[in-house]
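Fit chain B to the supplied structure of chain A, relying on the hints for placement.
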Amino acid sequence: MFGGFGRPQPSSAEKIAAAEAEMDLVTDMFNKLQQACMKKCIPREYREGELNKGEGVCIDRCAAKFFDVQMKVSELLQQEAQAKGAGGGMGFGGM
Amino acid sequence: MNGPLFNPPRDGGMDGADAQTMAAVRSMQMLMESCPGKTAVSGVMGFALGGAFGLFMASMQYDTPLSTNPNAQAITSLPLRQQLKQGFRDLGSRSYSSAKNFGKVGAIFAGTECCIEGFRAKNDLKNGVLAGCITGGVLAAPAGPQAAALGCAGFAAFSLAIDSYMRRPSETD
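Chains as they are written, first to last, in the numbering used here: chain A, 1 to 95; chain B, 1 to 173.
Only chain A is shown next, with the shape it has when bound in the complex (with noise of 0.2 Å):
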């Protein structure tokens, strides 16, 4: 994460910080996929708690397609930054 040269052995209390930033970001994105997924999928009004075929379908590909277009997002994103910045490591981390 931290490109570029003779980088400096990561303390237990950045490591802390890392784990931390990125059990954020994964709940962070788990939140939105949920919601983004429950609004497109589920109608207003159902008579069941259990997800039917058509619903559970429909959120396999919800999901599918939120990563796929967050890997190609992040793709862009990265050559952006290489071709904006200078050398290497603006790495927005491949999330």
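Just so you know, these hints were derived from the structure itself, not from any lab.
Since we're looking at a predicted model, the values are computed, not measured.
Glycine is no exception: its CB is placed at the ideal position from the N, C-alpha and C atoms.
Careful, some of the hints might be misleading.
Unchecked claim - Heads up, incomplete: computed chain B residues facing chain A, CB under 10 Å, no partners named: (1) Asn2; (2) Pro169; (3) Ser170.
To be verified - Here are the simulated lysine-lysine pairs, DSSO-like style, with alpha carbons at most 27 Å apart: (4) A:Lys39 with B:Lys122; (5) A:Lys53 with B:Lys104; (6) A:Lys65 with A:Lys32; (7) B:Lys104 with B:Lys122; (8) A:Lys53 with A:Lys40; (9) A:Lys40 with A:Lys65; (10) A:Lys39 with A:Lys65; (11) B:Lys100 with B:Lys85; (12) A:Lys65 with B:Lys122; (13) A:Lys32 with A:Lys72; (14) A:Lys40 with A:Lys72; (15) A:Lys53 with B:Lys122; (16) B:Lys126 with A:Lys40; (17) B:Lys122 with A:Lys32; (18) A:Lys65 with B:Lys85; (19) A:Lys32 with A:Lys53; (20) A:Lys84 with A:Lys72; (21) B:Lys126 with A:Lys53; (22) A:Lys53 with A:Lys65; (23) A:Lys84 with A:Lys39; (24) A:Lys40 with B:Lys122; (25) B:Lys126 with A:Lys39; (26) A:Lys39 with A:Lys53.
Just chain B now, kept in the frame of chain A:
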């Protein structure tokens, strides 16, 4: 509270079962809800219902006196036990043919509806209508294109009526 590692409590109160039993139960549920599972269950239920219905309808055929039947001479000349056996065999064959028909209808309808729902990723009335049209068309196809079109329209209308009755807004809302 929500996170990727958050496992919501489901099937409240099944703590007695161990992980293996729950996995087996879940895989059984998934099998039942899959398209082949639904097709099979519907086919079997249709077969049973069709058998009962066919038996009922066939047994009502014996309310006319036998003397008006053109085959009466051939039948009444046999001893009683043979006559009964003939009667039961007739009942059985009619009931079996009705069972086969209903079983086919049930299996084809459930299968196509499940596939259409999986394809569209939506759960609404159109799935039933399309599945009904396909079922009616397939079953009436041997009788020609007009019969197939009529069967499609009829079965689709029937399916639409039943589905909208089942999905009507409940009275307690």
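*asked:* Taking the earlier hints as the rules, which of them does this structure contradict?
replied: 18, 23
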